[in-house]
Every structure is written in C-alpha cells, then in structure tokens.
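Asks: I would like the entire structure built from these sequences, with the hints used as guidance.
Here the protein sequences come in this chain order: Y and X. Residue numbering for the first sequence follows our numbering, starting at 257 and increasing by one per position. Residue numbering for the second sequence follows our numbering, starting at 257 and increasing by one per position.
Check before you lean on any hint, since a few could be wrong.
To spell it out: a stretch of chain X is covered by chain Y in this simulated footprint if at least three of its residues, at any positions, have a beta carbon under 8 angstroms from a beta carbon of chain Y; those stretches are [as the list claims (entries may be wrong)]:
#, region
1, 284 to 294
2, 309 to 323
3, 434 to 443
4, 466 to 478
5, 490 to 497
Note that these hints are calculated values from the structure, not bench results. C-beta atoms are modelled at their ideal positions from N, C-alpha and C, and glycine is treated no differently.
Protein chains: 2
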Amino acid sequence: MTTPTRRLAHLISASSPSDLPPHVVHEAKRSILNWLGAALGGCRDESVHLALSALSEFTGPPHATVIGRATRVDALNAALVNGISSNILDFDDCHARVVVHPAASIACALLALSQTRPVRGIDFLHALVLGVEVECRLLDPRTAQYKFAWSPTTTVAGMGAAAACARALRLTEQQIAWALGIAATQASGLRETGGSMSKALNAGHSAHCGLSAALLAARGFTGSESALEGVNGFIVAFGDPGDMEALVDAWGSNWHIELNTYKAFPCGIVTHPAIDACLELHRQGIRPAEIASVQLTVHPVAVRLTGRENPAAPLEAKLSVAHCAAAALTRGKVTVREFDPDAIADPQVSRLRRATRAAINEAYAIDEAQVEVTLADGRTIRKHVDHPVGSLERPLSDGQLEEKLRALSEGVLTDAQVNALIAAVWSLDRAENADVLADACQALR
Amino acid sequence: MTTPTRRLAHLISASSPSDLPPHVVHEAKRSILNWLGAALGGCRDESVHLALSALSEFTGPPHATVIGRATRVDALNAALVNGISSNILDFDDCHARVVVHPAASIACALLALSQTRPVRGIDFLHALVLGVEVECRLLDPRTAQYKFAWSPTTTVAGMGAAAACARALRLTEQQIAWALGIAATQASGLRETGGSMSKALNAGHSAHCGLSAALLAARGFTGSESALEGVNGFIVAFGDPGDMEALVDAWGSNWHIELNTYKAFPCGIVTHPAIDACLELHRQGIRPAEIASVQLTVHPVAVRLTGRENPAAPLEAKLSVAHCAAAALTRGKVTVREFDPDAIADPQVSRLRRATRAAINEAYAIDEAQVEVTLADGRTIRKHVDHPVGSLERPLSDGQLEEKLRALSEGVLTDAQVNALIAAVWSLDRAENADVLADACQALR
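Replies: In structure tokens:
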C-alpha cells in the first residue's frame with residue numbers, strides 16, 4: 257500500500273532540476289530576491305538581537321551566516337534566526353491563490369544547509385520550488401479545510417523546508433517520507449502570535465524544524481509514513497480532510513511558485529488593496545488635513561486579521577488596516593518607516609486612524625478594496641482597487657524587486673555587496689555551489 | 257484586562273516551594289526517579305544514537321549531560337536528546353485522571369537548564385510540580401476537548417517545560433506570560449507518530465521548545481499574552497474551548513502531581529490492565545502451550561490506540577495489546593526484553609498473538625480489562641482487572657521505583673553510580689545545586 261505521504265516522497269525524490277521550465281527557475285530567483293530583501297531589512301530588528309543573545313551560549317560551530325550581520329552560528333540556529341529576520345517586517349512573498357508566504361522558512365533552511373554540505377545553485381532553486389509545491393498542496397482547499405486559528409504559512413512551513421532540504425541532501429524516497437513525517441509532528445503556529453515577536457519566530461522555528469527533520473531522516477531516524485493523511489495525522493489534526501489526491505495530482509504540469517507574488521508594502525497582505533487606494537487618493541492631491549473621515553470597504557478576512565483600531569507598537573500597526581490607510585493618506589508612501597513608533601504617534605496619522613472605519617463586503621475578492629474619504633467641505637471621493645500593486649495582476653518587475661532589496665539593505669550591506677548579492681541571485685542556476693548566496697549576504701559588521 | 261494566560265503567569269510567578277506540602281515534594285521525587293529510570297533504560301536505543309549523530313555537528317559548548325552516556329552537548333540539544341531517551345521505551349509516568357505522561361519533557365528541560373544556571377534542588381522540584389500543574393490544567397476536560405489526533409502529552413509538554421524553566425529562572429510575570437506564549441505557538445505532536453521514532457522525538461522536541469521559550473522570554477523576546485485562550489490561540493486551534501477558569505481555579509489546594517502514577521510495563525498505558533490479567537493467569541499455572549485462544553475485553557481507547565494485530569518492530573509491539581497479552585501469557589513477565597525483535601518473532605508469542613482478539617466494552621473504565629483464555633481441552637478461564645499494578649489504586653512503592661531504575665540502568669551505570677543517583681533524588685530538596693542530578697546520571701563510557 258502506497259500512502260499519499262509516501263507518494264509525495266516519491267515525486268520529490270524522482271524530481272529533477274531539468275523538469276523546471278526557465279520561467280519557473282526565474283520565479284524561484286525572484287522569490288529569493290524578495291526573501292533576501294525582507295530578511296536584510298529585518299535583520300537589525302530588536303527581535304533578532306534578542307534571539308541571538310539568548311541562543312549564543314548554545315550555538316555550535318559558526319558555519320552558517322546570520323543574514324545581514326557579521327556573526328555566524330551553527331546551521332540550525334542560523335535557520336532559526338534568519339527566519340525571524342525574514343518575517344519580522346511582514347514584507348514577505350505571498351502566493352496568489354493559497355494563503356501562504358512560502359519562501360522564508362524553506363529558503364532559510366536551504367541557505368544554512370548549503371553552508372554545511374555542497375549544494376549546487378540549480379539544486380537550491382529546484383529544492384525551493386519543491387518546498388513551495390509541498391506547502392501549497394498541503395494548503396490547497398481541495399486537500400483540507402483548516403481552522404482559522406492556525407497560521408497557515410507556519411503550519412506547513414516545516415514540511416516545505418523538510419522536503420526542500422531532503423531533496424537538496426539527495427535523500428531516498430524512504431528518507432524523504434520520514435523527513436515529512438518528522439516535520440509533520442512538529443508542525444505548529446498560532447495566529448494569536450500576531451502583534452508579538454513570536455509571529456516572526458514561527459518562521460524561524462519552522463525552518464529549524466524542517467532542516468533538522470531532513471538531517472535526522474538522513475541518518476535513518478524514522479517518522480510516520482502516513483503522517484500527512486493518517487487518521488491521527490497532520491491533516492485531521494489541523495482541519496477537515498478533503499481529497500488526498502490533491503497532494504500529488506497533476507504534479508509537474510504547473511508549479512505553485514509560478515503564482516508567487518511579492519509585497520509592495522511591509523504589512524499584512526490583506527491591507528494592501530486599501531493602501532493602494534489611499535496612495536492613489538494622495539497622488540490625486542488629497543491632503544490629510546482636508547480629510548474628515550475615511551470609510552474602507554474590504555473583504556471579511558481583512559477585518560478579521562487587521563481590525564486593530566489602536567495599534568500601540570510597530571508589530572501591531574502592521575496588522576491594523578486603519579493605521580495602514582491613515583499612514584498612506586498622510587505620507588503618500590508605506591515603507592518600513594510608516595510603522596515606526598514615531599509614525600504611529602504622528603498626530604495627523606493618529607487623527608486619521610481614529611477617523612477611519614472598516615466595513616465588510618462579503619462579495620469582495622480578498623485583494624479588493626474601496627476607500628471613500630469625506631473631506632472637511634463635505635465632498636466625498638472614492639477609489640476602488642481590484643488588485644493592489646504587487647499582486648499577480650500587477651506584479652513587481654525584476655527591477656522593482658531589485659529596488660526593494662536595495663532599499664531594505666541600506667545601512668546593512670554596502671552598495672558593492674548589494675550589487676554582488678543581486679548578481680549572485682540572478683546567476684544562481686549556474687553557481688557550482690549555492691553557498692555563494694550565504695556569503696553574499698554576510699555583513700561586514 | 258487580565259487574560260487567563262496572564263493570570264496563570266501570575267500564579268506561577270507568585271508560587272513558592274514553601275507552598276508545597278511534604279507529600280507533594282515526595283511525589284515529585286518519585287516522578288524524577290521514574291523518569292530517570294525510563295531515560296536510563298532508553299538511552300542506548302538506536303534512536304538516541306541516530307539523533308546524537310545527526311545533531312553532533314551543530315552542538316554548542318558541551319555543558320549538559322546526555323543521560324546514561326559519557327557525551328555532553330549544549331543544553332538545548334541535551335533537552336532534546338534526553339527527551340527521546342525518556343520516551344522511547346514507553347515506560348513513562350502517567351497521570352491518573354488526565355491522559356498525559358507529564359514528567360519527561362519538563363524534567364529534561366530543567367535538567368539541562370540546571371547545568372547552565374544555578375538552580376537549587378528544591379527549586380527544581382518546585383518547578384517540576386508547576387510544569388505538571390500547567391500541563392494537566394491545559395488538558396483538564398473542563399478547559400477544552402481536544403481532537404483525538406493530537407498526542408495530548410506532547411501538545412502541552414512545551415508549555416509545561418516553559419512554565420517550569422521560567423520559574424526556575426525566576427522570570428517576572430510578564431516574562432512567564434511571554435514564555436507560555438512562545439511555547440504555545442510551538443505546541444505540536446501527532447498520535448500518528450506511534451510506531452516510529454518520532455513519537456519519542458516529540459518528547460525531546462517539547463523539552464527543547466519549552467527551554468528555549470523560557471530563555472527567549474528571559475531576554476525580552478515577546479509572545480502573545482492571550483496565547484492560550486485567545487480566539488486564535490492554543491485551545492481554539494487544538495480543540496473546543498470550555499471554561500478557562502479551569503486553568504487557574506483552586507490553585508494550590510491540591511497539586512496534579514499527587515495523581516501521578518508510574519508504569520510497571522514498558523508499553524502503552526492502556527494495555528496495562530490486560531497485561532496484569534494475563535500475568536495473573538500465568539501465575540495461576542496456565543502455560544502458553546495449552547492456550548487455544550485469548551479473548552480480551554477492554555476500554556474503546558485501548559483498541560483505538562493499541563489495536564495493532566501484527567506488529568513488525570519493537571515500537572509497534574509496544575502499541576499492540578495483542579502482543580502485550582501474548583508476551584505476558586508466554587513469558588510471565590513484560591519487561592523491555594518482551595519487545596525485542598526476538599520476542600516478537602518467538603513462535604509461541606506469535607501464535608498466541610494471532611489467537612488473541614480484543615473486544616470493546618463501552619462501560620469499562622480505561623484501566624479495566626478482562627481476559628478469557630480458552631484452553632485446548634475446551635475449558636475457559638477468566639480474569640478481570642479493575643486497576644492494574646502501577647495505577648493510583650495499586651501504586652509502585654518507593655522501593656519498587658528504585659528497583660525499576662536499577663533494572664533499567666543495568667549496563668549503563670555502575671552499581672555505585674545507581675546508588676548515588678537514587679540518593680541524589682531522595683535528597684534533592686536539600687541540594688544546594690540541582691546539577692548533582694545531571695552529574696549523577698552521566699555514564700563513564
């Protein structure tokens with residue numbers, strides 16, 4: 257009897273970089289560029305500093321890069337700490353169909369692994385594509401319906417990272433099944449973490465779990481071979497099972513990474529259409545001082561996830577659509593700085609945030625929003641957004657992704673380092689050893 | 257507004273060793289004795305060897321004991337590896353009311369911690385009592401009903417370990433709440449792992465997560481302060497919420513560790529009443545060769561968890577009530593050796609296993625069983641057990657716990673070492689530094 261877990265392991269084991277069309281390899285590079293930008297922007301955050309200081313006394317041989325820092329730690333701790341950096345700004349990638357930010361945990365695990373074992377550049381890209389594929393298939397609504405309390409990105413990230421590392425380690429089908437099984441029983445991640453540092457820790461923890469699952473399985477440490485679909489397995493525990501065929505069907509005809517998108521704003525993805533509309537109103541010349549009130553109309557999940565009306569701290573402001581809208585209308589841009597404490601306390605932003613209401617429209621798509629501002633003179637002006645910038649319909653270009661990385665690397669890497677890093681990403685498929693990537697994002701101090 | 261998570265953190269922070277009556281301190285020592293026995297018996301298992309070899313290249317400064325081995329590793333990895341040793345034999349403790357094996361993850365985390373920070377013996381015991389309290393209150397049926405697919409011991413073990421380590425580190429109420437929050441979002445553990453090494457890894461992973469949660473919180477790394485009861489928190493994610501008051505009510509009037517029991521047989525606890533009945537039949541002189549068939553009557557959960565009819569490997573045999581019964585009837589004892597491959601392959605055991613059927617009686621208590629053997633001459637003999645040896649009603653004595661540890665330490669520690677270890681446990685409340693415990697279970701080779 258071949259279980260779905262085992263069948264998935266077989267597909268991973270039998271997959272080859274040559275199965276990937278050039279545009280898929282290119283999208284994997286774009287995912288890496290975006291991930292590194294987010295991580296370089298986040299790497300000097302207090303959360304990363306605290307994690308490093310807590311873990312430093314336990315770290316093993318310093319083989320692995322801490323992104324954007326001069327420090328090295330052991331590979332497992334590097335995967336963990338880099339995962340925090342990758343997520344702390346909320347500047348992730350985002351799959352356009354399945355609600356998941358797929359790259360961070362997988363890429364952090366692979367980056368650390370590539371500094372302990374030789375991994376060719378094309379194998380790094382291939383492994384990333386496979387990891388994203390596993391995550392998205394697990395979250396496919398055909399596979400299961402999961403409870404809302406679970407942070408979907410986090411719950412599947414360890415299995416994505418395990419699959420990717422298992423492939424990069426060239427494990428056998430049996431070992432890959434074990435790696436998936438070990439990662440499945442360590443799957444975790446609560447949405448309740450939103451607003452605390454432990455939300456970003458989720459990404460690092462998953463990277464750590466996925467990498468260690470693959471390393472354990474490589475030695476012969478056994479996991480359940482029905483860990484995904486079994487009656488007491490991942491899917492039953494986390495949700496209501498659907499059709500397990502969705503885990504494996506039509507494998508290779510398309511790759512989920514083709515549907516990956518990259519955030520234009522460093523905050524919850526569901527706030528993006530409202531931000532986009534507010535920025536357009538600002539571009540049209542509407543000044544914050546003339547605005548009396550703001551009425552947002554959004555998808556229900558946008559209110560559920562980002563309904564915070566009075567964010568007190570940066571990590572909360574990133575999950576407050578009212579703050580995002582107020583900042584966009586006031587400042588005409590939404591960068592990392594719009595979530596700084598002084599931006600949260602800015603009197604104009606505060607006033608507009610209090611004057612903002614968010615209503616639900618059940619008929620809206622999740623990336624749809626409308627903003628109606630009422631001016632002091634009584635006029636109302638409306639802006640509707642179908643798809644925000646950064647969505648699949650209005651994607652960031654390669655150049656915009658480079659610019660995003662450049663802006664986020666400011667004060668972390670030198671210009672020469674950033675240029676070298678960008679070049680390393682675009683040429684990764686031709687690199688003999690993928691550790692060039694880790695070397696290129698190590699800071700000088 | 258004080259959240260239940262925060263109230264629990266307050267109770268932990270305000271608790272003092274002087275709150276514990278002597279019999280509670282004594283039960284904590286009994287729990288430690290049992291845990292160390294199980295870990296010393298398990299520490300030479302292949303799973304422990306594989307985990308150590310996979311993790312050795314990443315381990316930090318060797319400050320912490322690997323139980324029953326000469327090796328030392330960093331404290332986080334020690335917590336992980338010792339957790340595997342503690343669980344791999346299925347020789348745990350077992351709470352008599354809540355389905356949980358509480359001590360292993362908590363004690364492994366504390367043991368490792370005590371080798372990095374000074375922890376007084378009485379504080380180690382106090383922290384263990386608090387950790388068990390947190391686990392059992394989370395699993396209290398009044399708090400929530402959880403999905404069966406979750407391994408209850410595992411899901412709460414990280415939070416128990418985090419609470420214990422947080423108290424041993426003398427964290428503030430705020431930090432304890434963060435530690436609980438960090439551990440909650442890393443809570444995991446699937447029953448599907450049964451039969452694979454990853455079941456034992458669950459215990460180690462939880463110890464690792466709980467210890468690191470406390471260490472992170474100690475530095476100021478933040479977790480959600482509503483991680484347990486929030487709408488997207490632990491209890492909602494893992495089950496159906498009940499009354500959150502159960503997390504904190506009647507605190508200190510009794511302690512859950514008072515209801516801890518210790519297994520007499522190294523296998524799933526739900527098999528124990530049937531084993532006990534079979535051993536009694538063997539004592540009555542019934543020889544395996546005369547038995548034609550065996551009819552077990554057990555609680556439904558016993559079949560659900562241990563219904564395996566044809567176990568192929570030791571870890572599966574421990575979850576096969578048919579194997580347990582057959583081994584007891586054949587050999588008149590159920591020790592670690594009755595789960596060795598040669599015991600599984602033993603023709604007489606095999607024959608009786610195939611001749612054993614397990615029926616469910618919905619009216620049975622979980623620790624109740626009946627065995628009816630039909631002999632070759634047509635006679636039937638019946639034995640009913642209300643509570644097996646090792647249960648709260650028929651507990652192992654202090655002397656029996658010492659004997660259990662002695663038997664399990666054979667070939668691992670010298671007699672002198674075992675004597676010193678037992679003495680260290682009984683005098684732990686008077687020890688200036690709890691690291692005597694870790695030193696005492698380090699092997700010479």
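Asks: Just pull the numbers of the violated hints for me, sorted ascending.
Replies: Number 1 only.
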